[in-house]
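Peer 1: Sequence:
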Amino acid sequence: MSQRIGADSECTVNEGAEHYSDPKDKLSSDGEFVRYWSRAADRLLAVAAVRRRTEEAIRRTGIGLQLSSENLSGHDLSDFPLRRCTLNRAQLYGTKLDRADLSEANLICPGLERASFMGAKLDFAYMHAMAAQVCNFDDASLRNVIDATGSLFHGCSMKRTRFDNAMLSGLLVYQCDASDAVFDGAELQGSTINECFLPSASFRFAKLSQVTITKAHLADCSFFQSKGDCLSIVRPISIDGLVLEGAHLPYLRLSKVSGRIRARALSAPFADLHLSNLAGAELEQADLTEARLLSVGLSDANLVGAVLTGASIHSCQLNGADLSSASGESISITESTMRAAKFTGFRGRCAFVRDCDLEHADLSQAYLYRSMITGDPPQSMALNHANFEGSNLVQAYLAADMTESNLEATRAAYVRMNQSSLRDANLSGISPFQASFVKVDFSGAKITTFEPPFFADRCRGLQVALEGRQPREPSSYLAEFSSVIRRGREGST
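So the sequence shown is numbered by this note's numbering: it starts at 78 and just counts up by one.
FYI, nobody ran anything at the bench for these hints, they're computed from the structure.
We treat Cβ as the ideally placed atom computed from N, Cα and C, and that holds for glycine.
Be a bit skeptical, because a hint or two may be false.
[Claimed, not checked] Derived CB-CB ranges, DEER-like:
(1) 206 / 118: 32 to 42 Å
(2) 352 / 120: 53 to 63 Å
(3) 185 / 118: 31 to 41 Å
(4) 371 / 269: 16 to 26 Å
(5) 206 / 453: 55 to 65 Å
(6) 314 / 166: 30 to 40 Å
(7) 449 / 511: 37 to 47 Å
(8) 269 / 146: 26 to 36 Å
(9) 289 / 521: 54 to 64 Å
(10) 457 / 311: 28 to 38 Å
Please take these sequences and the hints and turn them into a complete structure.
Peer 2: The structure is reproduced here in structure tokens:
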């Protein structure tokens with residue numbers, strides 16, 4: 078049958094029937110096609126139609142629907158299969174793309190405000206310089222995003238969003254809720270995360286060079302085995318449960334941070350920690366070589382086996398901290414409180430400790446060769462009741478209050494303890510070969526093995542402590558030496 082439908086029509090009845098069965102399949106514009114089906118009452122039919130057109134476009138050209146610069150604002154594209162589509166500069170204001178398949182899509186500079194991508198799939202998408210404002214990405218998948226360099230997420234909801242292995246360099250995330258979001262293995266170099274809610278977010282194995290995180294909620298957030306230099310975390314709202322275990326973060330910066338962190342085997346040489354409270358932190362085996370700690374609270378922290386070589390610690394609190402078997406060659410500790418801290422087996426060759434409180438500290442078996450532990454005045458270096466049993470103080474210099482301290486079996490050859498107080502100290506088994514004691518108070522000290530030669534001048538209680546021992550040699554040596562010193566003394570030294 079070839080009857081004409083109208084005076085000016087060239088369409089046959091059969092052709093009209095074909096048009097009627099699928100009236101939008103032959104439209105020239107993909108944008109018009111998508112807009113038509115976005116308004117369809119039968120959603121299943123709409124999804125099927127878009128799928129057919131998408132698959133046909135991919136089969137024919139290798140890419141999906143061409144939607145560049147199209148105005149799709151306010152349209153409902155939920156569940157639409159738009160794989161490999163091109164949305165460059167498209168207007169998506171208020172568009173619903175919930176559960177849509179946008180994998181391998183191109184989204185260069187689209188207009189995004191109040192758009193919804195809940196549960197959408199954007200895996201392997203190209204999203205260069207995308208700006209999303211007040212959008213919803215809850216449960217969306219952006220795994221392996223090829224390029225989102227320089228993109229902006231402002232005021233977005235990103236709960237449980239997946240960014241696994243995504244390229245996110247230079248990303249700016251501002252005032253977003255990314256609770257439980259996953260950035261595992263993502264490249265975030267140079268990114269800024271500001272005033273965001275990130276509890277239980279995961280950055281495992283992520284690349285974090287030059288990343289700045291400011292005023293964020295990071296409770297239970299994980300940076301497990303992440304990498305990158307100069308990561309900066311400033312004034313977070315909460316970091317309780319923050320995980321930095323196994324991370325390699327040279328030049329890490331923590332400023333005004335407060336909470337308990339887990340950072341076993343953290344590698345953060347040259348780290349900068351200041352104005353923070355990290356009481357109870359787990360830093361076992363952490364590498365803090367040449368780190369700088371200023372006004373940091375580390376009370377009861379676990380630093381067993383940590384590396385603190387060349388580190389600088391000033392005005393910090395380490396009361397009850399455990400630094401057993403830690404290494405700190407050339408470490409500098411000044412004006413800090415370390416009461417009852419454990420330094421058992423601490424390796425601190427050439428350590429410098431000044432004006433600190435180490436009352437009741439345990440330094441047994443510590444290696445403090447050529448270290449300097451002094452106060453100005455000496456009483457400001459508190460080592461009262463400290464335990465140095467079996468420690469190595471060879472060639473060390475101490476000027477401190479060591480009242481009732483325990484130096485049993487301490488190696489003290491060439492040690493200098495000028496102006497120190499050793500009142501009621503236990504010096505059993507100590508052998509101060511060629512040691513120097515000037516104005517040292519030995520009142521009530523227990524001495525068993527002092528053997529000459531040693532240098533002693535104006536040491537109250539030393540003669541009494543040496544008398545009564547079986548061999549009279551140390552006592553006689555001291556008496557003769559003192560008389561020689563008195564003969565040549567003119568005025569006070």
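Peer 1: Give a verdict on every hint.
Peer 2: Verification of the hints:
1. 206 / 118: 32 to 42 Å: Because 37 Å falls inside the window, the suggested range holds.
2. 352 / 120: 53 to 63 Å: With Cβ atoms ~56 Å apart, the hint holds.
3. 185 / 118: 31 to 41 Å: 33 Å, holds
4. 371 / 269: 16 to 26 Å: The hint (16 to 26 Å, Cβ to Cβ) holds, given that residue 371 and residue 269 are roughly 24 Å apart.
5. 206 / 453: 55 to 65 Å: 59 Å, holds
6. 314 / 166: 30 to 40 Å: 37 Å, holds
7. 449 / 511: 37 to 47 Å: 18 Å, violated
8. 269 / 146: 26 to 36 Å: Taking Cβ atoms as reference, residue 269 and residue 146 lie about 30 Å apart, which means the hint holds.
9. 289 / 521: 54 to 64 Å: 57 Å, holds
10. 457 / 311: 28 to 38 Å: With a Cβ separation near 33 Å, residue 457 and residue 311 satisfy 28 to 38 Å, so the hint holds.
Comparing the model with each earlier hint shows a violation of hint 7 alone; every other hint is respected.
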